[in-house]
Every structure is written in structure tokens, then in C-alpha cells.
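> Just need the whole structure built from these sequences, with the hints factored in.
The working numbering puts the first residue of the sequence shown at 4, with every later residue one more than the last.
Heads up, some of the hints might be wrong.
[Said to hold, decoys possible] Restricting the straight-line Cα-Cα distance to at most 30 angstroms, the calculated cross-link-like pairs of lysine-lysine (DSSO-like) are:
#: 1; residue 1: 186; residue 2: 124
#: 2; residue 1: 186; residue 2: 157
#: 3; residue 1: 83; residue 2: 186
#: 4; residue 1: 124; residue 2: 30
#: 5; residue 1: 157; residue 2: 5
#: 6; residue 1: 30; residue 2: 83
#: 7; residue 1: 30; residue 2: 186
#: 8; residue 1: 183; residue 2: 83
#: 9; residue 1: 5; residue 2: 30
#: 10; residue 1: 30; residue 2: 183
#: 11; residue 1: 124; residue 2: 83
#: 12; residue 1: 181; residue 2: 30
#: 13; residue 1: 83; residue 2: 5
#: 14; residue 1: 181; residue 2: 124
#: 15; residue 1: 157; residue 2: 181
#: 16; residue 1: 83; residue 2: 157
#: 17; residue 1: 183; residue 2: 124
#: 18; residue 1: 83; residue 2: 181
Just so you know, the hints here were simulated from the structure itself, not pulled from any lab data.
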Amino acid sequence: MKPVAEACLRNQAPIAEAVREPFAYVKTVLEIGAGTGQHAVYIAERMPHLQWLPTDLAEALPGICAWVEESGLDNLLPPKALDVTTGDWELSETFDAAYTSNTLHFVGWTPVEALFAGVAKRLRAGSPFCVYGPFNENGVFTSPGNQGLDEWVKTRDPDAGLKDLADIEALALRYGFKLKTLKRLPANNLLLVFCFEG
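Below is the structure:
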């Protein structure tokens, strides 16, 4: 049975619309933390020019495979196992773009650093990196819902929690990413569109 995340059902349409412009002229996309695989299917179906590679921890792959196989999409590649905290991502290819959704607040700062460091090694100069999720701004929660989410994820992992937008921008710059566009999406989420400048 395919895993279904209700949040994905709610946010997949606005996300797909938001990435349409940055992904308009790219071909290969690396998705980190594909979760259930719902976003991969939804976006790949609506942007058939993309070759989309979903990745996640090994335990998530059966669920992603179920979505990928049922979709029958030629532009959706078989998922690969990827732990961003391992030094070698075991991906030989480079990509035109990267995407991650609702991942940063579920982990501590070290995996977030590893994410940007790893993506920087897999993108060509000028490539977009789209990061979706909830963020604090100026050290403040932007909604009671985001504060509640922060408290909940910290019960799972004390090092996890919402990251501040300014901190993410600063980290991204260290690895060659410049924030080009910030799109405000429903439910107090943001889509950050970084450009990898090398």
C-alpha cells in the first residue's frame, strides 16, 4: 500500500506552481528527502520535461517505489537511498537542479549543513535549489501553528526544530548558494529558490 501524507495532498499544488518558473529550463532534478514520493509524482507528472530522481533514507524507498511504479511516468527515475550525513552520496552524476521539501525542521543543524555541502557538489553553476518548508523570521515564529510544529518535532529529536531564515541564508552562502527568490505559500510555508554560483 502506498504511504499517504495529508500535508502533501494539501501543499503539492501550490508547490508545483511555485517551482514551475525555476525549473522551466532544467532537465535533471535531484530531490532530497522525498518522503512518501507524492511530490515527485505530482511535479514530474506536470513537468514532463524534467527527469526527476527522488532520494531518501533506505527505509523510505519501498513507499516511494510504490508511488513511482504506479505512476508509470517515464521521467520519474527509480528512487535511490541517500543519507545526507554520509560523506559520499554515491551519486556519480551532476544535476541541473535540486529540491527538498519539509526536511530542514525535522533534523538538527549538522544534517542541514551536510545537505547544502552535498548539493553543492552535485549541481552545475547557475543551477536552482528549491527548499520548501516552515521557517522562523528574525528569530520569531510566524504563526502559532509553526510554534506547535517546532515543539512537536523536538519531542522526536531535541536537536531538530524550525530554522531561522537568516541562518539558512548565511549557511547557503558558505556553500555557494545565493537566495534569489522567496515565495510565500499557504500555511505559513516558504519556498526558497537559491542559485548555485559555485
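> Indicate, hint by hint, whether the structure satisfies it.
Hints and how they fare:
1. 186 x 124: holds, 25 angstroms
2. 186 x 157: holds, 26 angstroms
3. 83 x 186: Holds, at about 29 angstroms.
4. 124 x 30: holds, 18 angstroms
5. 157 x 5: holds, 27 angstroms
6. 30 x 83: This hinted pair holds, its Cα atoms lying about 18 angstroms apart.
7. 30 x 186: Holds: residue 30 and residue 186 sit about 22 angstroms apart, inside 30 angstroms.
8. 183 x 83: holds, 29 angstroms
9. 5 x 30: With Cα atoms ~27 angstroms apart, residue 5 and residue 30 stay inside 30 angstroms; holds.
10. 30 x 183: holds, 20 angstroms
11. 124 x 83: holds, 17 angstroms
12. 181 x 30: Given that 30 angstroms is the threshold and the Cα spacing comes to 21 angstroms, the pair holds.
13. 83 x 5: Roughly 17 angstroms separates the two Cα atoms, so the pair holds.
14. 181 x 124: Between residue 181 and residue 124 the Cα gap is close to 15 angstroms, so the pair holds against 30 angstroms.
15. 157 x 181: holds, 29 angstroms
16. 83 x 157: holds, 28 angstroms
17. 183 x 124: Roughly 19 angstroms separates the two Cα atoms, so the pair holds.
18. 83 x 181: Cα-Cα ~27 angstroms, so holds.
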